[in-house]
Amino acid sequence: MDARARVPPGVPRLNPTVSYWQSPPAEIATFRSTEDLPTNADYVIVGSGISGACIAHGLLMKRPDASVIMLEARTACSGATGRNGGHTKAASYRTFLEHQRTFGTEEAVKIAQLEHQNIKATEAFAKLHNIDCDIHPCETADVFVAENQWQAALEATKTLNAASACDVETYTIHSASEAQTKFLTPGAIGGITYCAGSISAYKLTIGILKLALEKGLNLQTNTPAISLCSVGRTIDNIWQIATPRGHVTSPNVILATNGYSAHFLPELQGVIVPLRGHCTAQRPGMGLPKPALPMTYSFFYEAGYEYMISRPIGSKGQGDIIIGGGRTIALPNEGLAEFGETNDTVLEPALATYLHGCAAEYFGRNWGRDHSDGREKTTWSGIMGISADGLPYVGSMPGKEGVWISAGFNGHGMVMCLKSAEGLVNLMLDGDVATWFPRSFLMSEDRLKQMTDCTKLNTTNSEDGAKGKIHVSVHVQIRGHQAWLSLSEMLLIESDLSNLKHKQADRQEGRVELGYRDRQMRHFSTPQHANCVGVVPAGHKAGDRQDILPFGSLAHRVSGVMIESRLSFYRSFHRLGFATSAPQTSIIVSIMSSAIAINISDETIAPLSKVDSAVAGLSSSPTDKKISHRRTSSSVSGVFKMEELMFPEEKGQDITIPIETQQLGWKINTPASKVEDPEVLKKFLINPPVKKIDLRTPLGIVMTARNMKGVTIKDALDAIYKANKKKASFEWDKEESWESLIIHTKKEAGGAGMAPSSKKAKKKEEKAAAAADGA
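Just so you know, we're using UniProt numbering here: the sequence shown kicks off at 1 and counts up by one.
Mixed in with the good hints there might be a few duds.
Quick list of in silico lysine-lysine cross-link-like pairs, DSSO-like style, CA-CA up to 30 angstroms [said to hold, decoys possible]:
id, residue 1, residue 2
1, Lys182, Lys215
2, Lys127, Lys158
3, Lys667, Lys714
4, Lys182, Lys210
5, Lys158, Lys215
6, Lys62, Lys400
7, Lys714, Lys641
8, Lys210, Lys158
9, Lys127, Lys203
10, Lys692, Lys641
11, Lys182, Lys290
Here are the in silico distance ranges between beta carbons for each label pair [said to hold, decoys possible]:
id, residue 1, residue 2, range
12, Gly314, Val231, 45 to 55 angstroms
13, Val231, Gln663, 30 to 40 angstroms
14, Glu644, Arg245, 51 to 61 angstroms
15, Gly357, Pro24, 21 to 31 angstroms
These are computed hints drawn from the structure, not numbers from a lab. Beta carbons: idealized from backbone N, C-alpha and C, even for Gly.
Model the full assembly from the supplied sequences, consistent with the hints where possible.
Shown next as structure tokens:
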């Protein structure tokens, strides 16, 4: 994640995919209030989405004499607002417990109330100003198909209802049978309903922009803001915005730029990160109620969810289904590569394919036959802004007087943007926000510093120790049974790291504090024994273990896990070693951009390798040296074995991965020759180069790339291609009432481990021929 967060967002790209909402485009889509770009204004707003439109309208309502310019890189409302899923849905219970732990009950309730009030204010605003935006208040259903998500939701709704006496949504709980019947979802294990709605956010925003234009807004579309800089500390014209059409100066610049904000303010790099999402518009199955479903939906599975609306009766395309999400289940590494991605001119094929089919899966037999005109109408992508702490940033930028921001809405803008814009306008004109506005939303120097620190891995291994927060994603595979766990752990580690490189827990000095926040955890389908993996704090016994990774139900009991020998922090490589009495288990952990292998062996104390011994200060010789009769392979200077690169900070080394590996444009079922830029294939996969390296997928499949002269990107792609080059056959799944097919895969000739070499094949043929002659 750290590497993805460092990718500069740039400015919005030309010719993006066309969303369902933007067809046809609004009459002001390419509107410019003046032929020439004005050179100055009292306020310059960058961005014409819901935030920018509401801020412009709010400013001109309170200061009708002010000059306000809005710069839009593409057409009006061409960003995330015009590319969303059409919801006005708070689902405050899903974040309430986390907000309560972090900010306290009063602030957590205030956030939930703002979301509730934002929905009501949006409906009232559209009605007051007669904006035709298909706004449709209705009931929504959160449908659960994973036990862990369901239990967490029950706890959260109960806590929120108890904490907030009024002014938030009222949640109704439905049992499995009720949910399956009421929501037409055969796989539901429970459901929650509450008030929400659907809307064309594009039409709403265009309507608000028209109101602002009537009050004097100067809108300049297809005018991207390229840079922002200070031009002096005079009374007026402090800030200068460069565009391809000239410069604009103003004492006040408002960034309503969401995922693109770091382009203008480098201090926001990694604090607000772009995230590409996908949505699709579909014709509903013939078995669903006509003319439209009466409610909106979200479907929660182990590691994520999809969100879906049905276009209301009387709207254009009534009954059409709009569904989005799917990133965490459809893409490798739970869609990590979509973070930092700002290319909304293309689609991610695997995700688009998944979204085309998932609605029919949720409704099962109730979906019926597909429409005679086909299921898909259109699919599009869009760029959201994901904040480091999950909350938007609203207010004045620290150290940049006159620069304001309202951004980082985490795909949740339609229940936050309108009230956040109101809060920002109050802050700009009155110097403070009303008491109803959550203080946790406000931009401040302390908050920015804290979030900046959290996005960096501390690379110091000094006597002062290390302190920081680390996001962790975990995948578990147990004896071939694939079981998933996806956490967003916040581990607060405070220790002298050098003291953690000892074998026995009772020899460790200092302390390790570990706390966690559960986010999305996948359910384990093997209901044997529930337990946790834990870490023993330094200076404590195994019985004092702190459980930090709640696993749900595991096929085997995992217990007594202790830090074995090392906890090492540095730029490119992190590793934890564990020993346990559990059956052999492997856990793959992603910490920010790095990968950790946590190996849980079936021995209480694993034999130390050469690296382990060196770290522990013991003999560098292995306990049992096996005699090898293999021919010594050729060696190339500067090419290492992987184990020789352990703990590079002790050797003054950095292990790096070339950035080209993130930009290959390559599919795993195609040969390396299909890479867009063949020159990158010659680059080493990592530096320093290694002779052999394992490549592990999120499903736990391991492929090995080898090259005695140093593994290149081509070697890695070849290994992956061979492992994924397969043929398929089909048979009916009788257990599913002949409603689905079972896919059988086998590797093609020439695939990894399948076809013998020509020499082996020839010998085999000769033996077969000799045997035939003898017979």
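Measure nothing beyond the straight line between the CA atoms of lysine 182 and lysine 290; if it is 30 angstroms or shorter, mark the hint as holding. holds, 15 angstroms
Does lysine 215 sit within 30 angstroms of lysine 182, going by the straight-line distance between their CA atoms? Since the Cα atoms of lysine 182 and lysine 215 sit roughly 47 angstroms apart, the hinted pair is violated (cutoff 30 angstroms).
Pair hint lysine 667 and lysine 714, alpha-carbon separation not exceeding 30 angstroms: Within the cut-off at roughly 13 angstroms; holds.
Are the Cα positions of lysine 62 and lysine 400 separated by 30 angstroms at most? holds, 24 angstroms
Could you see if the CB distance from glutamate 644 to arginine 245 stays within 51 to 61 angstroms? holds, 56 angstroms
CB-CB spacing for valine 231 and glycine 314 relative to the 45 to 55 angstroms hint: 52 angstroms Cβ-Cβ, so the 45 to 55 angstroms window holds.
Check the hint pairing lysine 714 with lysine 641 against an upper bound of 30 angstroms on the C-alpha distance. holds, 19 angstroms
Whether the CB-CB distance between valine 231 and glutamine 663 falls inside 30 to 40 angstroms: 36 angstroms Cβ-Cβ, so the 30 to 40 angstroms window holds.
Sort out whether lysine 203 lies within 30 angstroms of lysine 127, counting only the CA atoms. It holds: about 13 angstroms lies between the C-alpha atoms, which stays within 30 angstroms.
Holds or violated: lysine 692 with lysine 641, Cα cutoff 30 angstroms? holds, 7 angstroms
Is the straight-line distance between the alpha-carbon of lysine 127 and that of lysine 158 30 angstroms or less? With a Cα-Cα distance of about 33 angstroms, the restraint between lysine 127 and lysine 158 is violated, given a limit of 30 angstroms.
Would you check the hint for lysine 210 and lysine 158, treating anything up to 30 angstroms between C-alpha atoms as holding? Roughly 43 angstroms separates the two Cα atoms, so the pair is violated.
When each numbered hint is compared with the structure, violations occur for hints 1, 2, 4, 5 and 8.
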